[in-house]
Structures are given as C-alpha cells and as structure tokens.
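Trainee: Sequence:
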Amino acid sequence: MHEGSLREIDHKITHPRVDNYLYAMLPERTAVLAEIEKQADERDIPIVGPAVGRLLYQYARLIGAKQIFEMGSAVGYSTIWWAMAVGEGGKVHYTDGSRKNADEARDYFERASVADRIEVHVGDALEVLSERKEQFDVLFCDMPAWHPSVYAREGCSLPTTRYGVAKSPMLREILTSSRSRSRTAPCGRLSNSTRYCTSRRTGTRRSFR
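Per the working numbering, the very first residue in the sequence shown carries number 42; after that it's consecutive.
Simulated from the structure, these hints should not be mistaken for lab results. Quantities reported herein were computed from a predicted structural model and do not represent experimental measurements. Wrong hints could be hidden among the right ones.
[As the list claims (entries may be wrong)] Distance condition first, Cα-Cα at most 27 Å in a straight line; then the derived DSSO-like pairs of lysine-lysine:
1) Lys174 with Lys132
2) Lys174 with Lys79
3) Lys141 with Lys79
4) Lys132 with Lys107
Just need the whole structure built from these sequences, with the hints factored in.
Mentor: What follows is the structure, given as structure tokens:
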C-alpha cells in the first residue's frame with residue numbers, strides 16, 4: 042500500500058501528524074506483506090494495515106500467544122502477522138466466508154512460509170468457533186458488525202481464552218482475563234455509546250466507548 046494511500050485512510054482516531062510519525066517509524070515489511078498492502082490499495086480490500094499489523098505481532102509476542110482464532114480474515118494479511126508471532130508450534134485459525142479469498146490467502150501463506158502454522162476455515166466464523174474446544178490465547182474479531190453479545194444471543198458461550206478479545210478496527214481489548222483458565226465475560230450495553238464487560242474472576246465491570 043502506498044504511503045499516500047495510507048494517510049488517506051482516516052478513522053478519526055489519531056491526528057494525521059501522529060499517523061505520519063507512526064508510518065515513518067515502521068520497519069520494512071516482507072515482500073508478501075508489501076504485495077498484499079498494494080493489492081488492498083488497488084482492489085479496496087479491507088486489511089488492518091502495517092501499523093496495526095505490527096501492533097498485533099508485538100501483542101502476541103508479549104503474551105506468548107500460541108493459539109489464535111481470527112474472525113473475518115479476508116486475504117490473510119493480519120493472519121500472517123499473527124502466524125509470524127506465534128512461531129513454530131503455534132496455530133492461527135483463519136476464517137472467511139469467501140472461498141476465493143481463502144484460496145488467495147493460502148497462496149500468500151505458502152509464499153510467506155507460515156502455511157504450516159495456519160488452519161484455513163471457509164464458512165461462517167461463528168459456526169466454526171462454536172465447534173472449537175481448545176483454549177485460545179487470543180480471539181481476534183475483524184468483523185465490524187460483530188460483538189460478543191451477538192454470540193451470546195445465539196445461545197452459545199465464547200471459547201476459553203487467556204487474554205480475551207481484540208476488536209478491529211478500534212482494537213480495544215474488551216476483556217482482561219487472568220493467565221489461569223477462565224471464560225470470556227458476558228458483554229452488553231449501558232447506552233448507545235458505552236459497552237461493558239464484567240470479569241467472571243473479579244466481578245469488576247469495565248466500560249469503554
């Protein structure tokens with residue numbers, strides 16, 4: 042993705058000067074990541090971008106994540122960042138409803154040498170998630186219209202996670218859980234602009250806008 046185009050992607054979260062500083066400080070990406078950024082720019086494919094990709098990578102490395110479930114993976118840009126972070130022996134679950142996206146993503150995974158760390162699922166991410174029994178370190182949702190309360194309304198419990206849910210594009214961690222085995226907390230709304238999560242471990246309610 043070209044630098045000029047990156048500046049045009051304005052989500053009104055940070056000041057343009059901050060954006061410019063962040064992108065100027067980013068190290069070079071791999072050839073595969075750079076190609077996906079270019080394709081995203083030309084074809085209007087939604088990706089998290091290099092600054093957020095680096096943040097996801099650092100976050101996963103910081104907590105020692107080895108099992109990650111991603112909801113809404115498109116052509117696999119963020120999936121590659123997660124896969125690089127989990128390292129050998131780690132596993133990232135890619136999900137997307139488009140087989141065309143999945144096939145394109147598989148090609149990128151092979152070329153990025155991370156295919157052995159990624160399990161590709163084509164179909165409804167919620168259905169795939171409901172079938173998983175293992176504990177995940179991170180549940181990453183890149184589906185703008187989705188929220189854990191939606192999953193709760195389906196009569197299901199979120200899978201066990203160590204560190205909760207990261208939500209793109211706002212990337213707010215809506216739950217902080219302990220390193221011990223605990224389930225993601227129920228979430229809801231206090232108002233149209235505020236959501237809350239209550240920790241099962243501490244009973245503490247956290248709100249965010």
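Trainee: Work down the list of hints and note, for each, if the structure agrees.
Mentor: We went through each hint and held it up to the structure:
Simply put, Lys174 and Lys132 have alpha-carbon atoms about 14 Å apart, close enough for the 27 Å limit, and the pair holds. Between Lys174 and Lys79 the alpha-carbon distance is near 37 Å, which puts this suggested pair outside the 27 Å criterion. Annotation: proposed proximity of Lys141 to Lys79 holds, straight-line Cα distance about 18 Å (limit 27 Å). For a cut-off of 27 Å, the pair hint linking Lys132 to Lys107 stands: about 6 Å separates their Cα positions.
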